[in-house]
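There are 2 protein chains.
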Amino acid sequence: MIRIIHGGVTAPTGFKAHGITCGIKRSKKKDLALVVSDKLCDAAGVFTSNKVQASCVVVNKDHLRDAKAQAIVCNSGNANCMTGEPGFENTRSMASATARHLGLKKKNVLVASTGVIGQPLPITKILRGLPELVKGLNRHGSDDAAAAILTTDKQTKQMAVEFNVGKRRVRLGAICKGSGMLHPQMQSPKHATMLCFVSTDAVISHAALRSALERAIEKTFNSITVDGDMSTNDMVLILANGMAQNRVIVEKTPEFRLFCKALEMVCLVLAKQMIKDAEGATKFVEITVRRAATSEDARLAAKAVASSNLVKCALFGCDPNWGRIAAATGYSGASVDPWKLTIQLGREIVLKNGGRVKKDASILNCIFAKKNIRIVVDLGLGKYAATCYTSDLSTNYVRINSAYRT
Amino acid sequence: MIRIIHGGVTAPTGFKAHGITCGIKRSKKKDLALVVSDKLCDAAGVFTSNKVQASCVVVNKDHLRDAKAQAIVCNSGNANCMTGEPGFENTRSMASATARHLGLKKKNVLVASTGVIGQPLPITKILRGLPELVKGLNRHGSDDAAAAILTTDKQTKQMAVEFNVGKRRVRLGAICKGSGMLHPQMQSPKHATMLCFVSTDAVISHAALRSALERAIEKTFNSITVDGDMSTNDMVLILANGMAQNRVIVEKTPEFRLFCKALEMVCLVLAKQMIKDAEGATKFVEITVRRAATSEDARLAAKAVASSNLVKCALFGCDPNWGRIAAATGYSGASVDPWKLTIQLGREIVLKNGGRVKKDASILNCIFAKKNIRIVVDLGLGKYAATCYTSDLSTNYVRINSAYRT
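One line per chain: the protein sequences are A and B, in this order.
Per the numbering used here, residue 10 is the first one in the first sequence, and the count goes up by one each step.
Per the numbering used here, residue 10 is the first one in the second sequence, and the count goes up by one each step.
Keep in mind that the hints are not guaranteed to be accurate.
Listed below are the simulated DSBU-like cross-link pairs for lysine-lysine, each with C-alpha atoms no more than 35 Å apart in a straight line [stated by the list, open to error]:
#1 A/K34 to B/K361
#2 B/K70 to A/K368
#3 B/K270 to B/K281
It should be emphasised that the hints constitute simulated quantities derived from the structure, not laboratory data.
Given the sequences, and given the hints that come with them, work out the whole structure.
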């Protein structure tokens, strides 16, 4: 029903993108991206729940008050956060200059920034880069745009799918970045520095678009962690230009559920890509907590295990030290009865109802030596489950983040 | 008024201690400790708030129901946690065998364990070591006992003070361990693996003893973090044998305040010693949040900054990347207004009322290159303050904890 197709944010009809080097990054890698729709879009966003928010987060919330947008301009290499009133002026300049070059209204341009916090944004470089950026916009520009939003990421992250609504083919595509300062807790319109820009040519009501986005992020972006540090700049933006000319998608219909499924699929693939590309990561780890007393408990416990430095160090060291998993579960805040606690590493149960199940060390070592590891924590208290995705904590993570600005 | 004196847990009148190698640690370092009072003591304890608790935590709560104890036996190298019913039997065996050797009642012996979680306790080695341990008890045994409770700690931690109550000289001493899985949140009788055993010869009412302990831990042990991982075995135990023959100390008196001050001084010195000896640590960092709207907000913000992996990596890298401090403050859960936020590194204000204060990079680099670093976050919202103590996150921390069991 839902088919994965080639391309990212430019796969849906009517979207162009581009990405260039404007000179913010000393590395001379691409650092300025633009995504534009041919037509004005219904738009929605979810933002970091950090109380210290970058000016782009604040400005976008304002620009989204009419739920309309047509372009997203994004720089990497500088977060433009905690830069005072000049920071806000710079964000507004990015929006208004982009609008002028595109012949749009300023309020229909959304802005994103990612990089170092607390440094003045080199706005002159951005403004000088805009003509080249706009000139280069094209129907296959997703690769360049995806490259230009990266910071410490090693790989670009994009994904697109298509499905039918009635007889119309609807497409949905996205680009995404994020590998550190990654512990998104996004809310609407409150709460990741992860950035994700989603485009679709679907015709969809605003309520349905917003609801689909809010549902999609919980089990995807809000269920990943690299280092437990929630960013000041996290955002997911979605633009729907209606050019697929399908019958309007509204809530509580099979078409809405299909749209939600497609959006969640795209978000989940991108969320997993972020973990696979996490700073210093050598492992991809899926942690499922099941039989929790409440859904909140399931989520708390999965997040605690996924965020535990000690669990993550054990994963890096290929040491199946499951006692640390038990400890993290115990301090998560979830209801836990140690006598009902069961822990499974890969296919091996190592703890059952609070008692150690003796297993051959070589078997457990093998499981933890793999690149992809699955951990299941069964609380034995109820019927609720949650899954989180995390990386290991490596010496390279520390190296990358102890010299991030140098 | 309060004088620091030589000695640790055996400094107060009537306490003996000893520590030996019984063979739990492969390294052949000391791993079995005993502290004994000549007389039955009033006793109190605070324990980890982790819902997964080692059997020693559960057994001690039971043994402390009559608020009396005379001895503490402690092994290192094995946490005896998540070891099922056999684990509980082993803890009870440790207590009863120690009681038998000392001619005490089992319920007057407290037990502590620290080390790997989920491995069967080598109880036979412990029982075989007890005769030597008891035989070696002496008035200067604090050094040996302090050594025998260590795990990854590089140094022993002990402290003693004396002060006068009326004309009587009262002493208070302690030994302590902890360098990783260190994020104590102890409650009474609910909530560190930090272990601290405090002895005093004061005559003090049980209510006053318990109240003094609960007050002392908040600004000391509960205000430190190494890795954010709360242990299953944390505990602070205090024994008061009354041999100083002072007039009984009761709450709401100048003597009680003096006792509290002495206890808090001992706990703070030991808490700081743990951070200085933290796994892989190269820095000692003091984070004060002030002008918070509530005391809980002050505490939340200080804990968040102290626990942030990114802040701790920046400290390791000597990179004064204060944007990470702002981000951690913002996601702490405390009320934060970015426009009122001020951040100070050492004596240098780098952010004032939400705007960057430009400082010479070399000055800031110098501050972060120091071994002792003070960070102040001023929320500008109220009158409450809190201080937390933390270490940096080094490549060595990851190495130590990725190979902890090997």
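How the hints compare with the structure:
Distance restraint check for A/K34 and B/K361: the Cα-Cα separation of roughly 27 Å lies within the 35 Å cut-off, and the hinted pair is therefore satisfied. With a C-alpha separation of about 32 Å, the suggested pair B/K70 and A/K368 falls inside the 35 Å cut-off, and the hint holds. Simply put, B/K270 and B/K281 have alpha-carbon atoms about 16 Å apart, close enough for the 35 Å limit, and the pair holds.
Figure legend: structure checked against the earlier numbered hints; every hint is met.
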